[in-house]
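Q: Take these sequences, add in the hints, and give me the full structure.
Number of protein chains: 2
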Amino acid sequence: MALIVQKFGGTSVGNPERIKNVAGTVIKEKLAGNQVVVVVSAMSGQTDQLIGLCRQISDNPSKREMDMMVSTGEQVTIALLAMALIDQGHDAISYNGWQVGIRTTAEYSKAKILDIDTKLMRESLAAGKIIVVAGFQGIDMKNNITTLGRGGSDTTAVAVAAALKADRCDIYTDVDGVYTADPRIVPDARRLDRISHDEMLELASMGSKVLHDRSVIFAMKYNVPLRVVSSFAEGPGTLIVKESADMEDVLISGIAKKDNEVRVNIAGIPDKPGVASTIFKQLADANINVNMIVQSVGKEGHSQISFTVINTDLDEAKKVMAKLQTELGAESVTYDADIAIVSVVGVGMKVYAGIAAAVFDELAKNSINLEMISTSEIKISVVIRKADAEKTVQALHKRFFLQA
Amino acid sequence: MALIVQKFGGTSVGNPERIKNVAGTVIKEKLAGNQVVVVVSAMSGQTDQLIGLCRQISDNPSKREMDMMVSTGEQVTIALLAMALIDQGHDAISYNGWQVGIRTTAEYSKAKILDIDTKLMRESLAAGKIIVVAGFQGIDMKNNITTLGRGGSDTTAVAVAAALKADRCDIYTDVDGVYTADPRIVPDARRLDRISHDEMLELASMGSKVLHDRSVIFAMKYNVPLRVVSSFAEGPGTLIVKESADMEDVLISGIAKKDNEVRVNIAGIPDKPGVASTIFKQLADANINVNMIVQSVGKEGHSQISFTVINTDLDEAKKVMAKLQTELGAESVTYDADIAIVSVVGVGMKVYAGIAAAVFDELAKNSINLEMISTSEIKISVVIRKADAEKTVQALHKRFFLQA
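Quick mapping for you: the protein sequence lines, in order, are chains A and B.
Yeah, the first sequence ends on 404 if you go by the numbering used here, and it's all consecutive.
Yeah, the second sequence ends on 1404 if you go by the numbering used here, and it's all consecutive.
The set of hints was computed from the structure by calculation and includes no laboratory data.
Ideal Cβ positions, reconstructed from N, Cα and C, are used throughout, including at glycine.
Don't take every hint at face value.
Have a look at the derived ranges for each label pair, beta carbon to beta carbon [said to hold, decoys possible]:
1. A/D91 / B/E1327: 28 to 34 Å
2. A/R184 / B/E1234: 55 to 61 Å
3. A/D315 / B/E1107: 43 to 49 Å
4. A/T334 / B/M1141: 56 to 62 Å
5. A/R184 / B/E1316: 50 to 56 Å
6. A/E234 / B/K1142: 34 to 40 Å
Pulled from the structure, derived: some chain A residues nowhere near chain B, Cβ distances all over 12 Å [what the hints assert, rightly or not]:
7. D167
8. S230
9. T312
10. D315
11. K391
A: What follows is the structure, encoded as structure tokens:
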């Protein structure tokens, strides 16, 4: 008997009819002889509706109270799914994050999971019950309700799978797997049968919306076998696994685009040790995630630093940067929201050379201007104008996938 | 510095604008130098909307999951009210039932409060915070979310006031006090400045919708001074207090009508000891509240028993009665939903005689047929046809209030 964790996103549980369908999928796994824990998001649209209500009360609502509010979305879904399962003759029980001891950091709206107490879930599984757990939410050490931020239900699912040492964590979504590029942009993009955690992580953090990047980190850290499958169609999906020998011949696994980042440029800062550390420490203290960073030396011993932040963190980042500008005596701080980041990801880059050169060559051929470049062992990211983003993804996909 | 508990019902917090108004009322009490704990219901319509969603999933939804579901209504309101208070510059914090240890019995949808842990609330009050507590909900000993049933937020407010030994519990509602009869039926009904717990209890349990009867029992048991005031208009409201000497001259305090009860009649049962006890024990075991009970002896040593139950308990009651009919060998069990109960309530009945006679006389004059009669020390209730209910209330109000 295997223990399977299944996660269904907001679209999959978007209305009562779909919730009944999800119940069918869950029951199929249960009838196959497995123990099943289901993690669900809020019904699609629900969280935005709740946030809308908050905005009618306050322009700058208390973050603690926002989390108190939006966590009700998942509570509604778990109750409805458990009802549907019970209605179809199966023993099921729903739990909020606090009821199964999902302890998080005390960072409202972007809490991180610290620990999960599996005692109650193990008892319920032993009693033959299907467990339905609320994604996205937990409690801090003082029993305040916290949320994990957008996409956090994936993280809940993987964390629950890790804590219960589940045999597999299936992420049900509205696509049938991980593709070499977004099929809406590249119609001949191919579904991957398997991909390594590393590559999936780069794809996720670089804009592939199939999985939340934190969930992939969790899966990698605790070696949880992940599978991305469709809620709406049968199919094998994509397995996300540890890197294995037979994957060595894969060159590029995917091309991702991210267009919700803003480039921040701070210029005319003294070119001396500790400056970068000051900037990024203060941003980290304000809980702002920085993505790409590029530093260059300008005239007369002054340098400039460019980096990107997600647009929802921009207001917060502007406050930090205004303070830093005074502190460091910087000449200027500018913001550019009109950018996109396109990334080529593949574990093969470790062994094959020349990928970066091929990327730059392809962009040059298409007259696309490169504004920032950042590379890792398995990824090359470029910042370009937002208007060029789709063209860039299409060109790179053609270059790396259709030549084969 | 006094400690005041304020309770706002669903209409008072029906939309963001009204929630801001409630915040204003709360802040006024705080600025008067008092510590304030606020208990709120779900926004009006919200609970019905959530129940509607459940019905789309199952015709007979799991009661545990229903409570999980509907308790989100209050969680939304506490967050919004706390946000509004914070937005207006006051330190406020919201708590769900489980967060302030509102422990209840394990009876889903009609749980009873067993205990409230006041430690966290006392700490928050000592820190100068306004506390916003979710009405209607609690947790059982196994941490399952429970609800107290319709009107349960009143009970939460009084229980919180009792646990914190509050100086007063103000129930804000859409009427400006307790009236001698429903002003929609009797236009010249009068607002009472004060009424005893006993009388309020009889009025509440007999259909006056101003206060939930369980909240009055709590207030009486723990001697919490209650006040009913309007959310929408200034005014002294009605104080609900222990009976005091100067109230002796009050004769009748109010006339109430209840039209959501169904009369159950079981006929042809053996007229021997223990039969009534069997019937009402089984009903109590099924958690069905029985209101009026009348027993009469029929032909040949057989008797019949009539009683009323609230219509929401009817399905459950029918199951119990079908079993009892076989067990007791009863001739028939019949149901009549077309009834109303009209009650005359007044502490003065203890000392003045002739009230019952006056009630019966008034009904006879108006050709209203009496179908059941039940009396207590401070109340006379009659069962009549539902169609006669308003006329009965009007006639009795005229008889007892306009002669003075």
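Q: For each hint, tell me whether it holds in the structure or not.
A: Now for the hints, and whether the structure bears them out:
Look at A/D91 against B/E1327: about 31 Å separates their beta carbons, and that is inside 28 to 34 Å. The hinted window of 55 to 61 Å between A/R184 and B/E1234 holds, with their beta carbons roughly 59 Å apart. As the Cβ distance of A/D315 to B/E1107 is approximately 48 Å, the hint placing it in 43 to 49 Å holds. Taken as a hint, the range 56 to 62 Å holds for the pair A/T334 and B/M1141, whose Cβ atoms sit roughly 59 Å apart.
Taking 50 to 56 Å as the suggested C-beta distance range, the pair A/R184 and B/E1316 conforms, at roughly 53 Å. Here the CB-CB span from A/E234 to B/K1142 is close to 39 Å, well matched to the stated 34 to 40 Å. No beta-carbon of chain B is positioned within 12 Å of the beta-carbon of A/D167; the least distance is around 27 Å. Non-interface call for A/S230 relative to chain B: holds, since the shortest CB-CB distance, roughly 23 Å, exceeds 12 Å.
Distance to chain B confirms A/T312 as a non-interface residue, since its nearest Cβ pair spans about 19 Å, more than 12 Å. At roughly 17 Å, the least C-beta separation between A/D315 and chain B is larger than 12 Å, which holds for a residue marked as non-interface. With a cut of 12 Å on Cβ distances, A/K391 stays outside the contact zone with chain B, its closest approach being about 44 Å.
Going through the hint list in order, the structure satisfies each hint without exception.
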